[in-house]
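Knowing the structure of chain C, use the given hints to seat chain L with the ligand on it.
Line by line, the protein sequences are chains C and L. Under this note's numbering, the first residue of the first sequence is numbered 1, with each subsequent residue one higher. Under this note's numbering, the first residue of the second sequence is numbered 1, with each subsequent residue one higher.
You can take every hint at face value.
Derived DSSO-like pairs: lysine-lysine, alpha-carbon spacing no greater than 27 Å straight-line:
no.: 1; chain 1: L; residue 1: 297; chain 2: L; residue 2: 30
no.: 2; chain 1: L; residue 1: 132; chain 2: L; residue 2: 165
no.: 3; chain 1: C; residue 1: 341; chain 2: L; residue 2: 85
no.: 4; chain 1: L; residue 1: 177; chain 2: L; residue 2: 85
no.: 5; chain 1: C; residue 1: 341; chain 2: L; residue 2: 177
no.: 6; chain 1: L; residue 1: 206; chain 2: L; residue 2: 222
To be clear, the hints were calculated from the coordinates, so they are not data collected in a lab.
Read off the chains here:
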Amino acid sequence: MAVQDALPGRVGSGGNAVLNDQRVRGVIFQVLLIVAIVSFAWWIIHNTAVNLRAQGIEFGFDIMLDSAGFQINQTLIDYQETSSYVRVYFVGLFNTLLVSLIGIIMATIIGFVVGIARLSNNWIVAKAAYVYIEVLRNIPLLLQIFIWYFAVLRLLPPKREAIDLGPLGLLNIAGWYAPSPVFGPGFDFVVGAILLGLAASFLIRAWARRRQMATGERFPVFWTALALVVAVPIVVYFLADALTKGAPLTMEYATQGNFGPRGGTRIFPEFIGLLFALSFYTASFIAEIVRAGILAVPHGQTEASFSLGLRPGHTLRLVVIPQALRVIIPPLTSQYLNLTKNSSLAVAIAYPDLVSVFAGTALNQTGRAVEFILITMATYLAISLVTSAFMNWYNSRVALVER
Amino acid sequence: MKKPILPLLAGAAFALTAASASAATLDDIKAKGTLQCGVSQGLPGFSNPDAQGNWSGIDVDTCKAIAAAVFGDASKAAFTPLSAKERFTALQSGEVDVLTRNTTWTMTRDTDLGLNFTGVNYYDGQGFMVRKDLGVSSALELSGASVCTNTGTTTELNLADYFRKSDMDYEVVAFEKADEVVAAYDAGRCDVYTTDASGLYAQRLKLANPDDHMILPEIISKEPLGPVVRQGDDQWFNVVKWTLFALVNAEELGVNQENVEEMKDSDNPAIKRLLGTEGSFGESIGLSSDWAVSAIKAVGNYGEMFERNVGPDTELGIDRGLNRLWTDGGIQYAPPVR
Ligand SMILES: N[C@@H](CCC(=O)N[C@@H](CS)C(=O)NCC(=O)O)C(=O)O
Chain C
1 MAVQDALPGR
11 VGSGGNAVLN
21 DQRVRGVIFQ
31 VLLIVAIVSF
41 AWWIIHNTAV
51 NLRAQGIEFG
61 FDIMLDSAGF
71 QINQTLIDYQ
81 ETSSYVRVYF
91 VGLFNTLLVS
101 LIGIIMATII
111 GFVVGIARLS
121 NNWIVAKAAY
131 VYIEVLRNIP
141 LLLQIFIWYF
151 AVLRLLPPKR
161 EAIDLGPLGL
171 LNIAGWYAPS
181 PVFGPGFDFV
191 VGAILLGLAA
201 SFLIRAWARR
211 RQMATGERFP
221 VFWTALALVV
231 AVPIVVYFLA
241 DALTKGAPLT
251 MEYATQGNFG
261 PRGGTRIFPE
271 FIGLLFALSF
281 YTASFIAEIV
291 RAGILAVPHG
301 QTEASFSLGL
311 RPGHTLRLVV
321 IPQALRVIIP
331 PLTSQYLNLT
341 KNSSLAVAIA
351 YPDLVSVFAG
361 TALNQTGRAV
371 EFILITMATY
381 LAISLVTSAF
391 MNWYNSRVAL
401 VER
Chain L
1 MKKPILPLLA
11 GAAFALTAAS
21 ASAATLDDIK
31 AKGTLQCGVS
41 QGLPGFSNPD
51 AQGNWSGIDV
61 DTCKAIAAAV
71 FGDASKAAFT
81 PLSAKERFTA
91 LQSGEVDVLT
101 RNTTWTMTRD
111 TDLGLNFTGV
121 NYYDGQGFMV
131 RKDLGVSSAL
141 ELSGASVCTN
151 TGTTTELNLA
161 DYFRKSDMDY
171 EVVAFEKADE
181 VVAAYDAGRC
191 DVYTTDASGL
201 YAQRLKLANP
211 DDHMILPEII
221 SKEPLGPVVR
231 QGDDQWFNVV
241 KWTLFALVNA
251 EELGVNQENV
261 EEMKDSDNPA
271 IKRLLGTEGS
281 FGESIGLSSD
291 WAVSAIKAVG
301 NYGEMFERNV
311 GPDTELGIDR
321 GLNRLWTDGG
331 IQYAPPVR
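Chain C on its own, in the form it takes in the complex:
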């Protein structure tokens, strides 16, 4: 500032001095920008309203309470043809979230495996990972969705036949008929045992850490936790089975109907096709991110770790990965967002996601394009913001703590 004031020509420009002040000018331009944006938004909205009215198209959200009249096959909440468009919205939203969430988990696991394999010293493993990445990320996703879907359909036996997966149910062209769990009276005890086991494990971990810090003695936390969370509940299960009438948990299987198996938990082929396409496609990008993250950790870190006597597995887990994560998390977030948004391609293969049933079928049955699209856009925005907020929080946790 002082330097600026001393500039020749600035001195004595009188009334303009205020306008020449950087801060004042900054504020003025901010205000102008806001006014411009608001007028533009107002113009768009006004124009839309005028044009809609001129064309005799109704506008309003009360239509959302009307009953939809069409059926949807995969619904995570109760839904009938008589349900309202509001319910259609939630059916679609949950289907979007379901495929996105499972897709994100699968893509992350595959992506990490492939990314690490890409750096393997084994020539075949590294090349296989390389080919995977190059092939999958260079074929358009929509095409991959079709390939997976129609491959799933063509490979599986027709509707009236099925591959018997034994305890896992039946599999055919109409999907996977997984067993449905039926909970008996004693199941509450099992759930209680699992929860108690989890709580105890956390306490034990904290205690073991403190003790290790203080004395250097190690405690087998993992095996203890496994025993508490898995073994104890199994014992409780058999106790409950013996003490109450009826098993705590039974599995209900599909039965043979006129047109193939019926009942059980249906996993639709549309879901499987979309899930696989999204996961394998996004994994190819995640693999590159993971590779870049690991390469970003200087080799000196590994050497230092080795010279401290850490084994390679420990070196990767305790030294390299935590540092690599700092590089990995931000771009990983955008991949998660991409996967969620890409799930809207579902409509191509009849998976009833939000875009397909709400911004698609429902919009078309009512003709209320503006309302349905506005709600859908706001929803995707909200999902994306929540995802990035979570990832930002996680990023700040793994970020370098300066000591």
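This is chain L with the ligand only, laid out in the frame that chain C set:
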């Protein structure tokens, strides 16, 4: 530097807002020199492109008849393929001038959507197609079946109504594009394919083995299919409506593609009015007096249009049934030109 940005911006906004929404479609079309029709993405008999990209079908002919009535030249018709889901938005936004795309006339579409149906060029109804080896002979045996269909159609709603009414359960698999419905049904994903009966005959031709499939006897709905225009432009509405009526009247009066020129000399006053040798009916809808002559020359009368595209001698082989003239026991009926 102190330019009055804000007033300028606001002024521009007002100016642009004033852009009128309901233009005179007919004038626009004449100025453009082409008539843009929304059609399906490929439904044999109705609107289907061949390998060279030439469109044919009863809906395509309806569009060509309108182009001929307006320009005296059917080749001025241009086609925009639209999925069931896209079609109304495309018409509302002005991307197409008229929708000739096997579209069912319903109350919502005619009122809420800001559209007007101009008539019916094909009386249809919804049917079911199944594999013959399924051993089903009636739609009432379909409880528990999975059904493939198109989203954004009346088909979806009728299906739900029918199964609910008959107390049967089912599973719907609804695709946006017709080709995917065919592919999924053909792969065996669904037991049943449902759409307008005419559509079933047409899509059956696309299956790997058309003879392995049969259409069940039940027709579960009324599907009057016809051209659609935007609401609020009565002149254009009249042009489309009366072009269709002219084709039906022509059949009734025995005027066809071949004899239309001779018929101009006919003594029958109804024919004279239709062909513009008496009165000024063409002028009253903003066209020339020989509007109907051009339309009939381009595609023939309604009966010829039907026989050529979907009739018994075509691949589809559909009986005229309901689409016979009212004088022949059908319900095709056009108000008189007078
Ligand atoms: N008439 C019904 C159904 C129209 C419809 O979309 N039918 C499908 C199946 S026959 C179709 O035209 N497919 C061809 C395409 O999408 O290009 C309606 O207006 O909702």
